[in-house]
Each structure stands twice: as structure tokens, then as C-alpha cells.
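J.: Chains as they are written, first to last, in our numbering: chain A, 4 to 116; chain B, 1395 to 1511.
Some hints could be false.
Over 12 Å on every C-beta distance to chain B, these chain A residues come out as not near it, computed from the model [stated by the list, open to error]: (1) Gln9; (2) Ser21; (3) Ala22; (4) Ser29; (5) Ser31; (6) Gln41; (7) Gln48; (8) Glu59; (9) Ala73; (10) Gln84; (11) Glu86; (12) Met98; (13) Asp102; (14) Gly109; (15) Pro116.
Straight-line distance between alpha carbons at most 20 Å, and here's what the computed SDA-like set of lysine to any residue pairs gives [said to hold, decoys possible]: (16) Lys1449/B x Gln1436/B; (17) Lys40/A x Glu1446/B; (18) Lys45/A x Glu1446/B.
Chain B is faced by these chain A residues, among others (derived, beta-carbon under 8 Å) [said to hold, decoys possible]: (19) Gly19; (20) Val23; (21) Arg46; (22) Pro47; (23) Leu49; (24) Ile50; (25) Asp52; (26) Pro85; (27) Phe92; (28) Arg100; (29) Asp101; (30) Lys103; (31) Phe106; (32) Lys108.
Quick caveat, the hints were computed from the structure, so don't treat them as lab data.
In this text, a Cβ means the ideal position worked out from N, Cα and C, and glycines have one as well.
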Amino acid sequence: GENVEQHPSTLSVQEGDSAVIKCTYSDSASNYFPWYKQELGKRPQLIIDIRSNVGEKKDQRIAVTLNKTAKHFSLHITETQPEDSAVYFCAASGMNRDDKIIFGKGTRLHILP
Amino acid sequence: GAVVSQHPSRVICKSGTSVKIECRSLDFQATTMFWYRQFPKQSLMLMATSNEGSKATYEQGVEKDKFLINHASLTLSTLTVTSAHPEDSSFYICSAREGSGLGTPLHFGNGTRLTVT
């Protein structure tokens, strides 16, 4: 089955700097890669996703890159703000609605004042 | 956007009792729902895939007789934790993927925090 590795487990960056979180996956059949943000005590919220037919996607301060050959994908947050502090999870899945989504272990991001 | 509703949000029960958690898709039909468990400061671990009208598919290591899943309709799946013990205390979250297109996102319910005393 699919296995998703995520690094780092904890990341502290100065406010205004960029943060990068990296993930690798094992199943070459996976072709959908979402990223979720989870604040303490709340449910995960989708922040961005990418499909295997594109290599990069950007939404304001958030961007995701995908390298299918190497089976890794990354989340980039620029101009970080205090409200970016949360736990971020990467995930991998097939495209279909009944394909399960497997999550990485998460990255706790701290934005330092 | 798609909404998944989960109840209750918090439950405290005594050891040995059973607890039922409901998960509803409010504005879309979900033939498949996914149940995750999350321990403090840990990741979302998939427990089982709930399929409407058929048996659930459990992940390795998850006891199907302990975590009973029923997906009776296209908008409702239930998870029953039977004979709960303190080690079952966790955050349980249901989810479903909306739409019929490819690469549809997973939407989560608010989660249920279960405490077994």
C-alpha cells in the first residue's frame, strides 16, 4: 500500500520568511496530492492540491511542486504570517472518489515574531 | 463547498460501554466515506473505508468487531466503538470525497473527541 513520508516534523521560521515542507510517496499509481492545515482541536482543512498532470500549482502565498519521477512533492509558503502557525499534512491518493487518502505524519509549523 | 457533519463532537463514556458516532454528507451523496483516528500530536490514521450498501474495508490492525461501521444510505455512515476502553480515547474524524470528477478533495467532519474513563 501507499506510504507517505513527511519532513521536517517541526519547523520554525521567522515571520515574513518562507517555509518549505517536503513529502515522498511510494506508490507510483498515486496521482492526487492534497495538503491540509490543521489548527489545534479542529478538523483538517484543504489548503491546496495538485494532480499528477501538472508540476506546480500556486495560490497566493502557497505553492506546491510535484516530481513524479522522484515521487516527491513539496509545499512552499512565502511571506509567512502568525496565522500560518499550525500542523500541515501532505497526502497521496488515486484520483477516484473511492480511493483512500494516506497522510504523512505532519509538520508543526511555528511562525516566530 | 461540500459539508460533512459529524456528531457528537465530544463524548465521555465509561469503560465497557459502546459509543456511536454519526457522519453525514449534507449537500452531496457519498458512496464512500473514510474514518480516521488521530491521537494527540499524531497524524491521521485511516481506520476503514465505509461503502454504501456493502461491508466496510478495514485497514490492517483495526479490529472490525470493535469498530462497527454501517453505511446505510448515500449520506450517512456510522462508527460504533464497542466495549470501549481507555486506550480507545482519541479523536475520530469522518470524511468523504465529493463530486464525480477526478482528483476530488477530501472533506472532513468536525471530529469526535472520545474519552473513555
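J.: Looking back at the numbered hints, which does the structure fail to meet, lowest number first?
T.: 1, 6, 7, 12, 13, 14, 16, 17, 18, 19, 20, 24 and 26
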